[in-house]
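Chains as they are written, first to last, in our numbering: chain E, 1 to 67; chain R, 1 to 267.
Check each hint, because a few of them may be wrong.
Stated by the list, open to error - With a Cα cut of at most 27 Å, we get these calculated DSSO-like pairs of lysine-lysine: (1) R:Lys-220 to E:Lys-2; (2) E:Lys-4 to R:Lys-267; (3) R:Lys-221 to R:Lys-81; (4) R:Lys-161 to R:Lys-233; (5) E:Lys-53 to E:Lys-4; (6) R:Lys-143 to R:Lys-161; (7) E:Lys-57 to R:Lys-221; (8) R:Lys-225 to E:Lys-57; (9) R:Lys-220 to R:Lys-267; (10) R:Lys-8 to R:Lys-56; (11) R:Lys-200 to R:Lys-225; (12) E:Lys-31 to E:Lys-44; (13) E:Lys-57 to R:Lys-220; (14) R:Lys-220 to E:Lys-24; (15) R:Lys-200 to E:Lys-57; (16) R:Lys-143 to R:Lys-81; (17) E:Lys-2 to R:Lys-221; (18) R:Lys-23 to R:Lys-57; (19) R:Lys-225 to E:Lys-44; (20) E:Lys-2 to E:Lys-44; (21) E:Lys-4 to E:Lys-44; (22) R:Lys-215 to R:Lys-233; (23) R:Lys-233 to E:Lys-4; (24) E:Lys-31 to R:Lys-200; (25) E:Lys-4 to R:Lys-225; (26) E:Lys-44 to R:Lys-221; (27) E:Lys-10 to R:Lys-220; (28) E:Lys-57 to R:Lys-233.
Stated by the list, open to error - Among chain R residues calculated to face chain E with C-beta under 7 Å, some are: (29) Gly-93; (30) Gly-94; (31) Cys-179; (32) Val-190; (33) Ser-191; (34) Arg-194; (35) Glu-195; (36) Ala-205; (37) Ser-206; (38) Glu-235; (39) Leu-242.
Since the hints were derived computationally from the structure, they do not count as laboratory data.
All of these numbers come straight from a predicted model, not from anything done at the bench.
Each residue gets a CB set at the ideal place from its N, CA and C atoms; glycine is no exception.
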Amino acid sequence: MKLKINGEIKEFEGNLKNISELLKALNVNSKFVAVELNGSVVYKENFETTEVKDGDKVEVVSFVGGG
Amino acid sequence: MIVYLNGKPVEVSEGVTLKEFLKKHFPGFNIIIHNTVLNPDFSLILENGDRVSAFKKGEMPENLSLKSLMFARQPEHYTEKLQDAVVGIAGLGGLGSVVGENLVRAGIGKLVVADFDIVEPPNLNRQRYFIHQIGKPKVEAFKENMGQVSAFTKIEAYNIKISRENVDIFKDCSVIVECFDNPEAKAMLVSAVREKLPQKVIVAASGVAGFHSEKTITVKKISDKIYIVGDGKSEVSDGIGLVATRVGIAASIQSHLVVRIILGLEK
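Kindly generate the complete structure, drawing on both the sequences and the hints.
Okay, structure coming up:
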């Protein structure tokens, strides 16, 4: 399936069902990430239940600690 | 024509040199800045709208001319824009205390700052506080310190933990600087601002820990509204730590981005 991640088209093997699976595929810690799906913010409580489909635009901003 | 001396307009006739002007209007000076240039050529002929700053070394200027003298090294049209700006800072630690000081010195008109913590001894290796401020809320210590730097930035301070529910304290800011330490809080702030205040530009930081090369700290533009400063991967962990020099570089880059965004220089 194809998704636009932070403005770049990325191809994923198989079908990713939801944001959680997408983050796993991107190797991103789901606790430390801000996600927008097609322009709407998705909070981490809803990563499992928010479906992604082919062609979706996703913004993924991940963080590490320190400051 | 008009020439500004320490911010005050002075009527001057055409063809007058800097030397003649100063002899007449400020005979006791010994430090001169002409249009941001220190120690200019005294024989230069003044032009309409020129800005001359003059003072006596070591002497406190009168209140009315302090603002003009403080910003004598910045182009005036930039200082004016910065004075009109409101900027939010979420977190006043290693990043936020440096970002805040830089923005106060650059002449931002108003800062809205938030932090729930107090000053503690392990903060002093990188955060801009003093020994006597240990135990004080950081927002209070920050306000106190900035009052010693400048009278030209209003500071609205909140001793609170920022959440989705109270992020609207930043509603009047054009740019919000994410300066937290905790990665969960960093992600929360970005989500909350994107949801509640989607028009704001966010300048966040990620990957500022350790003693890695200064060259690894870069700016990643995620979209028109989100910039991330850091190397994106160096986190606090066993034996890595946080040091003033590297965190300070990231904070200076964050604050410089804010200035450029406000001035319309960041495309």
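Quick rundown of the hints versus the structure:
{"no.": "1", "hint": "R:Lys-220 to E:Lys-2", "in the structure": "23 Å, holds"}
{"no.": "2", "hint": "E:Lys-4 to R:Lys-267", "in the structure": "22 Å, holds"}
{"no.": "3", "hint": "R:Lys-221 to R:Lys-81", "in the structure": "23 Å, holds"}
{"no.": "4", "hint": "R:Lys-161 to R:Lys-233", "in the structure": "25 Å, holds"}
{"no.": "5", "hint": "E:Lys-53 to E:Lys-4", "in the structure": "11 Å, holds"}
{"no.": "6", "hint": "R:Lys-143 to R:Lys-161", "in the structure": "18 Å, holds"}
{"no.": "7", "hint": "E:Lys-57 to R:Lys-221", "in the structure": "17 Å, holds"}
{"no.": "8", "hint": "R:Lys-225 to E:Lys-57", "in the structure": "16 Å, holds"}
{"no.": "9", "hint": "R:Lys-220 to R:Lys-267", "in the structure": "13 Å, holds"}
{"no.": "10", "hint": "R:Lys-8 to R:Lys-56", "in the structure": "17 Å, holds"}
{"no.": "11", "hint": "R:Lys-200 to R:Lys-225", "in the structure": "7 Å, holds"}
{"no.": "12", "hint": "E:Lys-31 to E:Lys-44", "in the structure": "7 Å, holds"}
{"no.": "13", "hint": "E:Lys-57 to R:Lys-220", "in the structure": "19 Å, holds"}
{"no.": "14", "hint": "R:Lys-220 to E:Lys-24", "in the structure": "22 Å, holds"}
{"no.": "15", "hint": "R:Lys-200 to E:Lys-57", "in the structure": "20 Å, holds"}
{"no.": "16", "hint": "R:Lys-143 to R:Lys-81", "in the structure": "22 Å, holds"}
{"no.": "17", "hint": "E:Lys-2 to R:Lys-221", "in the structure": "22 Å, holds"}
{"no.": "18", "hint": "R:Lys-23 to R:Lys-57", "in the structure": "17 Å, holds"}
{"no.": "19", "hint": "R:Lys-225 to E:Lys-44", "in the structure": "21 Å, holds"}
{"no.": "20", "hint": "E:Lys-2 to E:Lys-44", "in the structure": "22 Å, holds"}
{"no.": "21", "hint": "E:Lys-4 to E:Lys-44", "in the structure": "20 Å, holds"}
{"no.": "22", "hint": "R:Lys-215 to R:Lys-233", "in the structure": "14 Å, holds"}
{"no.": "23", "hint": "R:Lys-233 to E:Lys-4", "in the structure": "22 Å, holds"}
{"no.": "24", "hint": "E:Lys-31 to R:Lys-200", "in the structure": "23 Å, holds"}
{"no.": "25", "hint": "E:Lys-4 to R:Lys-225", "in the structure": "17 Å, holds"}
{"no.": "26", "hint": "E:Lys-44 to R:Lys-221", "in the structure": "23 Å, holds"}
{"no.": "27", "hint": "E:Lys-10 to R:Lys-220", "in the structure": "18 Å, holds"}
{"no.": "28", "hint": "E:Lys-57 to R:Lys-233", "in the structure": "24 Å, holds"}
{"no.": "29", "hint": "Gly-93", "in the structure": "6 Å, holds"}
{"no.": "30", "hint": "Gly-94", "in the structure": "5 Å, holds"}
{"no.": "31", "hint": "Cys-179", "in the structure": "6 Å, holds"}
{"no.": "32", "hint": "Val-190", "in the structure": "4 Å, holds"}
{"no.": "33", "hint": "Ser-191", "in the structure": "4 Å, holds"}
{"no.": "34", "hint": "Arg-194", "in the structure": "5 Å, holds"}
{"no.": "35", "hint": "Glu-195", "in the structure": "4 Å, holds"}
{"no.": "36", "hint": "Ala-205", "in the structure": "6 Å, holds"}
{"no.": "37", "hint": "Ser-206", "in the structure": "5 Å, holds"}
{"no.": "38", "hint": "Glu-235", "in the structure": "4 Å, holds"}
{"no.": "39", "hint": "Leu-242", "in the structure": "6 Å, holds"}
When each numbered hint is compared with the structure, no violation occurs for any of them.
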